[in-house]
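Given these sequences and hints, build the entire structure.
Heads up: the sequence shown is residues 1 to 345, going by UniProt numbering.
Simulated from the structure, these hints should not be mistaken for laboratory data.
Treat the hints loosely; a few may be bogus.
Cβ pair distances, simulated, as ranges [what the hints assert, rightly or not]:
(1) G196 / V342: 14 to 24 Å
(2) A117 / L305: 23 to 33 Å
(3) P77 / A288: 36 to 46 Å
(4) G68 / A118: 13 to 23 Å
(5) A6 / A118: 22 to 32 Å
(6) A65 / A314: 20 to 30 Å
(7) P41 / P310: 36 to 46 Å
(8) G309 / E24: 21 to 31 Å
(9) P310 / P161: 46 to 56 Å
(10) A6 / D224: 43 to 53 Å
(11) D259 / G309: 35 to 45 Å
Here the structure is a predicted model, which means the values were calculated and not measured.
Note that CB positions come from ideal geometry on N, CA and C, so glycine has one too.
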Amino acid sequence: MTSVTAPMRVGIAGYSTASWLHAEPIRKAGGVVAAVVTRNPERRAQARAENPGVHVLDSLDELLAHPGLDAVVLGTPSGLHHEHALQVISAGLPVVVEKPLGVNLAETQEVVEAARAAGVPLTVYLQRRWDRSHQVARALVSSGRLGEVYRFEFRWERWIPEPRHRWREETPSSQGGGKLLDLGPHMVDLAVQLFGPVKAVYAEVQARKQVGDDEAHVALHHADSRVTHLDVGTLVAAPGPRMRLIGSAGTWVYDDFVDMNREGPLHPDLADAPDSCGWLYGGPERVAVPAIEEDWSEFYRRFFLALRGPAPSAHMPVPPQDVVHIAEVLDAALLSGSTGQVVRL
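Below you can see the structure in the form of structure tokens.
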């Protein structure tokens, strides 16, 4: 058992995007990447260079048998999260799973219930809760500066005319492939944080140039009657603004987001002013909104703090019940997209 003063020792399964999504925030939060699973020679060398003293292993089984770990992070392919999470839970180790936790609601619920029954701390890495845009959006809604906020728009549009040939693109959406399950968890998560639980979903979902969906428009009707519109697409050569919060006293617009194939805002007039995050429109002139510092390592600070406390499972940075609701919403979106009907939760 790690002492209060000793750094948390973490094992990571998968070291592709996990090298920057997880390893860097873990180190910044005061943790140690003690072991990594990857068979890729370049990533093995990268893991050793970035994490002095790290043990580089060949399999999740080896990782779970490695002595002295305080937690395991799963950065494996999405389709394996359910299986791998159950394996880590069976070993009794606290686990952070890259989103999504499962490819559907049933898988997600099974993992959450297994962790609850075993008393194993479980959380999902929805690190964008600590993006500056997510934090500013929450602050604006709670502050009342926009008056009565009644609609939120969130676009994650990209221009990828030739799809990649990976598991996500070549797997049907019903089996966990496609872009909605890839990007949707972060989008639904923010919508629920802003407006509360979702009661009904209408969606239009298409797979135009790949097996999994590459275009989705999703309308979320929240329990308090407010509405969120989500747009995900990889065939959008002229993406719209990333976010808009629309209220009775003004509208917040944000677009200064660095994404693949984009080095800055597509709309130059929406580029952030220094130390700001988006623009508030409420009259003849707009006002820059002060930024809130972005820090993904805050997820791991909270995770480590919870593990050191008397009731770790009760204080996870992303509670499992939040993830279950997100999975329920995304399942409803895919069902609505296939039937053309509004799906009530």
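Quick rundown of the hints versus the structure:
Between G196 and V342 the Cβ separation comes to about 18 Å, which falls inside the hinted range of 14 to 24 Å. The hinted range of 23 to 33 Å is satisfied by A117 and L305, whose Cβ atoms lie roughly 24 Å apart. A beta carbon spacing of about 40 Å between P77 and A288 agrees with the range 36 to 46 Å that was offered as a hint. The hinted window of 13 to 23 Å between G68 and A118 holds, with their beta carbons roughly 20 Å apart.
At about 25 Å, the CB distance of A6 to A118 agrees with the hint of 22 to 32 Å. A hinted range of 20 to 30 Å for the beta carbons of A65 and A314 is consistent with their spacing of about 29 Å. Taking the beta carbon of each, P41 and P310 are about 43 Å apart, inside 36 to 46 Å as hinted. Checking the proposed 21 to 31 Å range against G309 and E24 shows it holds: the Cβ atoms sit about 25 Å from each other.
About 53 Å separates the C-beta atoms of P310 and P161, a value consistent with the hinted range of 46 to 56 Å. Checked against the hint of 43 to 53 Å, the pair A6 and D224 passes, with Cβ atoms roughly 45 Å apart. Separated by about 36 Å at the C-beta atoms, D259 and G309 satisfy the suggested range of 35 to 45 Å.
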